[in-house]
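A.B. asks: Residues per chain are reported as follows:
Number of protein chains: 2
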Amino acid sequence: MVLYIIGLGLGDEKDVTIKGFEAIKKSSKIYLEAYTSLLGGSTSIEALEKFYEKKIIIADREMVESGCEEMLKESTENDVSFLVVGDPFGATTHTDLVIRAKELSIPVKVIHNASIMNAIGCCGLQLYSYGQTISMVFFTETTKPDSWYDRVKINRVNGMHTLCLLDIKVKEQSIENMCRGRLIYEPPRFMTVNQCIEQLLEIEEIRKEKVYDQDTLCIGLSRVGQDDQQIISGTMKELLDVDFGAPLHSFIICGDMHFIEKEYFETFRVKKN
Amino acid sequence: MVLYIIGLGLGDEKDVTIKGFEAIKKSSKIYLEAYTSLLGGSTSIEALEKFYEKKIIIADREMVESGCEEMLKESTENDVSFLVVGDPFGATTHTDLVIRAKELSIPVKVIHNASIMNAIGCCGLQLYSYGQTISMVFFTETTKPDSWYDRVKINRVNGMHTLCLLDIKVKEQSIENMCRGRLIYEPPRFMTVNQCIEQLLEIEEIRKEKVYDQDTLCIGLSRVGQDDQQIISGTMKELLDVDFGAPLHSFIICGDMHFIEKEYFETFRVKKN
Chain W
0 MVLYIIGLGL GDEKDVTIKG FEAIKKSSKI YLEAYTSLLG GSTSIEALEK
50 FYEKKIIIAD REMVESGCEE MLKESTENDV SFLVVGDPFG ATTHTDLVIR
100 AKELSIPVKV IHNASIMNAI GCCGLQLYSY GQTISMVFFT ETTKPDSWYD
150 RVKINRVNGM HTLCLLDIKV KEQSIENMCR GRLIYEPPRF MTVNQCIEQL
200 LEIEEIRKEK VYDQDTLCIG LSRVGQDDQQ IISGTMKELL DVDFGAPLHS
250 FIICGDMHFI EKEYFETFRV KKN
Chain P
0 MVLYIIGLGL GDEKDVTIKG FEAIKKSSKI YLEAYTSLLG GSTSIEALEK
50 FYEKKIIIAD REMVESGCEE MLKESTENDV SFLVVGDPFG ATTHTDLVIR
100 AKELSIPVKV IHNASIMNAI GCCGLQLYSY GQTISMVFFT ETTKPDSWYD
150 RVKINRVNGM HTLCLLDIKV KEQSIENMCR GRLIYEPPRF MTVNQCIEQL
200 LEIEEIRKEK VYDQDTLCIG LSRVGQDDQQ IISGTMKELL DVDFGAPLHS
250 FIICGDMHFI EKEYFETFRV KKN
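Chains as they are written, first to last, in numbering that gives the first Met the number 0: chain W, 0 to 272; chain P, 0 to 272.
Derived by calculation from the structure, the hints in this document are not laboratory data.
Computed from a predicted model, the values in this text were never measured in an experiment.
Any given hint could be a false lead.
It does not matter which identical chain is used: a pair holds within one copy or between any two.
With a Cα cut of at most 30 Å, we get these calculated DSSO-like pairs of lysine-lysine [what the hints assert, rightly or not]: (1) K108 / K270; (2) K101 / K236; (3) K101 / K207; (4) K101 / K209; (5) K270 / K209; (6) K25 / K53; (7) K13 / K28; (8) K143 / K28.
When you get a sec, could you build the whole thing from the sequences and use the hints?
C.D. replies: So this is what it looks like as C-alpha cells:
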C-alpha cells in the first residue's frame, strides 16, 4: 500500500490540499509529526480530527527517531498518512523516513504544501536572494552556540538575505526530573523575535567582526500563513521591544535590497513613537 | 471585498488547498497568471474550470504588467481570485500587485502553497544549505548573459547548493513578425537540464575561474510535485545526455553534502551504461 507524507501548510486544518485531504480520508492510520514543528494557533489536533473525521496518532521525537517501525509495518498492509506541518521537506527533512520506506519497498507519495521556507516570500524580499538559512537556538548559562555567525557573515558580505528559524522546545525535561527519571515535561518554549535579536547582538559583541549591528535592517514575522500573521520591519534596535504576539516567530536579516524590496519593506515599517 | 491571491501548487487541479478552493468558489471572477509559469502537464485550464465549475480569465504578461486595473476595480465590488502556479510569492513575486491593491484599500488575502523554492527539498539536499538561486535564460547568437556565474561562484566557494531555475519562453514573437506587427507567437519553449548544463560549461570555458567543471556533482529534476516527477543525480557530464522528458525542468549544482544528503543523492544516481 502507500505511505503518504502530507504537508499541512502553515495555517489551520483547511490549508491541506484537496489531494492531501483525499489521501487522509482513505488512510487506515494517520500520524502527525509533532516535535519539530507546531500546528498553527488557530487549529488543534482536535480540530484536525473533527475535520478529517479520523483519529490522529501523535508521532513524537522518540517515535520518529526510533524509525517509525510500527508505522512502516502498517504501511505494508494499508494506506497510511504521515502529516507534517508545513512541507514534508521543509525546515526539517524527512528524507530518512523515505529512505527506510524505500528499503522496505513501500511506495511513498509526497504531497507538498507551503512551508516557512517559501511562505517567507510574503515579506517582499525575493526568495532568489537569500543565502543560507540559520537556526537560532536558546542560549543557556553555559552554552552559546554561534556557528551560525559565520554563515550570516557570508550572506552579509555577499548582499544576501538571511532567514533565521527560531528555536522550539517541546517536551523538555528539567535536569532534576531527568536525573530522577520522571517523565515530567516543561511547558513548550518558543523563541521570540526579541530574544533572537538579543542573542545576535550578544554574539556580535563577542566576535566583533562587524557582520551587523543594532542599526542593521531586518524584518520580524509571526504566525506566517495564518490569518493574524504580523510583519514588522525596522532596525534591530527598533524591533528589540516590539511585541510580536503568539508563536511561531521568524526573523530576517536583510541583505542588499532592490528598490521594489525596499518599497515593500517600508510598508511594514515599525511605527515610531 | 477581497482580492484572493491563491497558490495552486505544482501538480494538478487537486493541489489547491481547501481554503483556496473555497475562496475560488465564492469569487465572482477568477484570473490565472499564465506568463511566468505553467500549469502542470497533468492538468489544463479546462480541467481547472471543470473542477471549480467556474470560468477562468487568462492574465497574460500585458495584463499583469499594465497593472491588472480591471481586476483591481472588480475587487472593490466583489471577491476576486488571482491564481498563481506554485506559491504567490514563489519564483516570481507578486508584491507589486499587493502594493497596488493596498493603495486602493482593497483587502488582500494570500493563500500559500508549495512552489519550486521549497518542493525542491524532495531531492534530499537541505533547504538550509542553498545559497542564492539563479535564473538561466536561453543564450542567443548575440547574447550570453552570465551574471549568474558570480553568484554560483559565491555559493560554491562557501559550500552552498545552487538552484537553477530554467527559462520559459511563452508568447514569443519572431523578429520578423514583431517588425510587421503581426500578433503571431512562436510555440512555447522550455529549457532542458541538458541545455542548462551546456550553457554552464560554455561560460566556465570562457570565464575559466574554476567554479565547476564537467565532473561537478549535480541533480536534474523534471515535473517536481507531479505524479511523474523525475530526479536523477550525477556529474554534469553524466547528465548532459539524460532525457528528462516533458517540462518543467530544474537543476541543482551541489555544494558540500553531509552524509545523509550524500546517501540520498546516491539513491537517484544515473544508471551507468
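A.B. asks: Please name the hints from earlier in the document that this structure breaks, with their numbers sorted from lowest to highest.
C.D. replies: 3, 4 and 8
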